[in-house]
Amino acid sequence: MTSPVDTTVDTPDWRALPTRGQRAEARIAAFWRFVLRVVLGVGILVALWGGAIAFFDVPIFVAPGPWDTWQAFLEQGDRLFGALGFTLTGVAIGLALAVAIALSLGVVFTLSAPASRALMPLVIGLRTVPVLAVAPLLIMIFGRGQGTTIATVVIVGFFPIMVNAMRGFRSVSHTVHELFHVTGATWWQLLIKARIPFALPFFFTGLRVATTSALLSAMLAEWLSGAPGIGRLIYDALGYRDMPLMFAAVALSMATAFTIFGLATALERRLAR
Amino acid sequence: MTGIDIRGVTKRFDLDGRSLTALDGIDLSVPEGSFAALIGPSGCGKSTLLRLIADVFAPSEGAIAVGGRPPKAARLNHEIGFVFQAATLLPWRTVRENVALPIEIAGVTPRRSPEALIRLVGLQGFEEAKPAQLSGGMQQRVAIARALVLEPKVLLMDEPFGALDEITRQRMNVELLRIWRESGTTAILVTHTISEAVFMADRVHVLSANPGRVAGVVDVDLPRPRSIDLMKSPRFNALENAVRQVLFDDDETEADSTPERAHG
Amino acid sequence: MAKWLRDRVAAVWPPTAALLGLLALLEIAVALGWTPITIPAPSGVAMEFGQSGADLAYHIVPSILATVAGLAIAAALAAILAGIGASWRRANGPVMTFGVLVDSTPLIAVAPILIVFVGGGMTLHIIVSATACFFPLLIGMTRGFRAVEGTADELFHVLAASRWQRLVKLALPSALPYIFSGFKIAAPLAVLGTLIAEWMGAERGVGIMMIYAMFSFNAPQVWMTIVAVCLMAIGGYGAFALVERIYLRWAGLEEAPT
Chain D
1 MTSPVDTTVD TPDWRALPTR GQRAEARIAA FWRFVLRVVL GVGILVALWG
51 GAIAFFDVPI FVAPGPWDTW QAFLEQGDRL FGALGFTLTG VAIGLALAVA
101 IALSLGVVFT LSAPASRALM PLVIGLRTVP VLAVAPLLIM IFGRGQGTTI
151 ATVVIVGFFP IMVNAMRGFR SVSHTVHELF HVTGATWWQL LIKARIPFAL
201 PFFFTGLRVA TTSALLSAML AEWLSGAPGI GRLIYDALGY RDMPLMFAAV
251 ALSMATAFTI FGLATALERR LAR
Chain G
274 MTGIDIRGVT KRFDLDGRSL TALDGIDLSV PEGSFAALIG PSGCGKSTLL
324 RLIADVFAPS EGAIAVGGRP PKAARLNHEI GFVFQAATLL PWRTVRENVA
374 LPIEIAGVTP RRSPEALIRL VGLQGFEEAK PAQLSGGMQQ RVAIARALVL
424 EPKVLLMDEP FGALDEITRQ RMNVELLRIW RESGTTAILV THTISEAVFM
474 ADRVHVLSAN PGRVAGVVDV DLPRPRSIDL MKSPRFNALE NAVRQVLFDD
524 DETEADSTPE RAHG
Chain W
538 MAKWLRDRVA AVWPPTAALL GLLALLEIAV ALGWTPITIP APSGVAMEFG
588 QSGADLAYHI VPSILATVAG LAIAAALAAI LAGIGASWRR ANGPVMTFGV
638 LVDSTPLIAV APILIVFVGG GMTLHIIVSA TACFFPLLIG MTRGFRAVEG
688 TADELFHVLA ASRWQRLVKL ALPSALPYIF SGFKIAAPLA VLGTLIAEWM
738 GAERGVGIMM IYAMFSFNAP QVWMTIVAVC LMAIGGYGAF ALVERIYLRW
788 AGLEEAPT
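Chains as they are written, first to last, in my numbering: chain D, 1 to 273; chain G, 274 to 537; chain W, 538 to 795.
Fair warning: there could be bad hints in the mix.
Some chain W residues well away from chain D (every beta-carbon gap over 10 Å; in silico) [what the hints assert, rightly or not]:
#: 1; residue: S580
#: 2; residue: V598
#: 3; residue: V655
#: 4; residue: G658
Where chain W lies over chain G, by a calculated footprint (3+ residues, C-beta under 8 Å) [said to hold, decoys possible]:
#: 5; region: 370–384
#: 6; region: 442–449
Think of the hints as simulated: they come from the structure by calculation, not from any bench.
Glycine residues also receive a C-beta, built at the ideal position from the N, C-alpha and C atoms.
Please put together the full structure from these sequences, using the hints given.
Okay, here's the thing in structure tokens:
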């Protein structure tokens with residue numbers, strides 16, 4: 001009901017608006033600033049870490065310093081990356097399945113209002129619950145292999161994707177519906193030409209949420225089930241007291257998670273515009 | 274030295290390294306107790322000028338006197354009432370609590386209670402309502418009551434009725450004139466509606482844009498109290514045209530003032 | 538009044554019916570022997586609550602305590618960092634990066650390292666729980682502190698309000714909806730954190746009860762502990778959602794920020 005807030009200057013001079021080239025420059029500069037911040041942050045952490053270890057004179061079998069961890073990384077690199085590869089494969093397959101199931105169910109719910117009214121509240125209610133808690137159950141069902149990992153990723157990833165996709169499908173405004181109705185479009189055309197484009201930004205948000213929790217869930221499932229992924233590697237290394245290896249695996253998993261988060265967020269921003 | 278006095282005020286803004294001159298050499302005075310209107314196209318800096326008077330920021334050059342003192346002193350002494358374009362009521366407070374906000378902040382007890390002001394703006398019965406339950410016009414009336422509760426020397430209004438439809442706006446104009454008459458403050462109204470400026474003010478200051486300068490002044494000698502009927506009179510239309518003349522003449526003048534102008 | 542009630546009922550009965558229908562179907566399927574042994578009948582799970590009820594109570598109390606403590610610590614830290622981020626523009630970047638770092642840290646990575654330093658007891662559970670729910674709290678508080686709209690700020694400036702007045706009369710009430718929203722999201726995550734920490738090793742806790750049940754292949758008990766954890770999460774979420782709704786209604790705000 002109220003008009004937009006006036007800026008301190010009544011209207012900016014159009015000549016003061018940035019050009020396309022300037023905007024691209026600004027984006028690139030922002031990216032490098034982000035990278036710099038990350039590198040700086042990590043650098044500070046590593047320095048603190050190394051400093052703490054040295055200051056408190058912590059023995060290597062309790063906690064290694066950055067240097068020892070790096071050594072372990074170099075020496076057992078193939079073992080580390082092998083385990084990571086196993087985990088990431090499970091994550092990728094799980095996510096693909098989650099997307100397929102979530103989107104199909106999403107379309108069904110959108111097309112059938114009764115189904116939506118009956119089942120959506122249940123789905124939303126389940127979202128509150130930490131679905132990862134069913135991991136032991138999945139181990140009981142799927143055994144100790146990659147099946148459990150994939151099942152865990154599917155269950156964890158399914159909810160955010162579906163809920164967001166539904167939000168997206170529903171975000172089509174009333175007037176757009178009227179437009180399609182008046183021009184005599186079929187429900188298929190409405191789906192393809194209106195619902196899906198409107199839903200895309202929401203879908204990518206859901207995908208980002210699912211992706212970022214997928215890695216954690218996979219690692220956890222592996223650790224519990226004993227499948228040879230990086231989650232299990234951390235647990236094993238702790239068991240052998242090979243602390244440098246454990247720290248290396250932890251660092252690697254954190255770096256991977258961070259990277260995945262960054263990529264997913266960047267993808268969401270680019271494609272959701 | 275009473276009322277509001279603006280001398281040689283220039284305001285420049287820095288936007289990402291570029292300098293933008295919003296106001297250039299403004300000379301303007303508003304006699305105490307009178308009603309002034311500021312009108313001009315977008316970008317003429319009228320809202321900026323209002324905020325300079327309210328000490329939201331300081332001028333780059335020049336001086337402003339509010340009741341003989343600098344804006345900052347007036348503001349800290351709670352002599353300024355400001356009504357924003359958006360009512361800006363605190364949604365978790367009732368109407369009465371919203372009107373009482375300046376009292377809480379200043380820690381003084383004013384002559385008139387919030388209830389009296391709520392009655393003044395015609396909202397008796399709504400004291401316990403929350404802003405979400407009020408229409409836009411009603412919210413602005415609460416904002417006006419709030420601006421007047423400490424009996425300020427100066428009432429500054431930034432297009433308060435801009436969001437309302439014309440019918441409601443004209444009604445609100447009559448209301449505001451009644452409220453103003455009763456309060457006796459010096460009032461400045463920023464508006465982009467010519468009829469509103471002429472209807473409300475004793476003097477209409479027309480500003481031009483890019484950069485903001487005083488393009489002209491139109492004195493409104495219509496008798497008070499003013500009613501809507503006045504808007505039918507020829508005198509009213511003549512005054513509107515006078516304002517229009519300054520506003521649009523200004524565009525032509527700008528086009529003519531290019532250096533390459535041939536004849537003299 | 539009747540309409541309000543009718544609307545509520547109309548919204549609630551389809552999912553309730555669906556839920557009961559699914560449970561009934563499951564019951565029948567188990568009776569007919571269609572399901573694998575890992576999926577017991579809902580009645581079996583309900584009975585398990587009766588049978589192992591005392592055990593459950595014994596285990597669930599430390600879990601709840603750890604979760605609440607974890608939430609409190611994460612909230613305190615989030616409040617401090619959000620306050621810093623709100624007061625100094627430059628600090629905002631590092632604060633957010635820190636939050637993202639904590640968020641992307643796989644809990645499975647944090648826990649083993651912490652075990653080395655603090656052992657496997659309650660302290661570990663609380664820290665892991667706090668780590669799990671920290672980021673949403675940080676986001677909620679940051680958004681809350683930023684939630685003051687522009688003209689309201691100008692208003693307080695023109696009214697010559699002191700910094701303290703601005704904080705109490707403007708910033709805090711504006712921030713509360715966002716803060717409650719953050720707590721809503723954080724509560725189930727804190728439950729999850731406690732659960733994972735207990736899986737790593739604990740004497741008492743719902744997580745460890747679940748693991749024991751898994752190893753003994755006691756399907757009804759595994760399901761029972763899962764339902765118990767779900768109830769904990771829903772309870773936490775519901776409690777904060779209720780507080781949020783009460784505040785919003787009192788404050789006359791229309792809708793919660795998502």
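Unsatisfied constraints (hint numbers, rising): Number 6 only.
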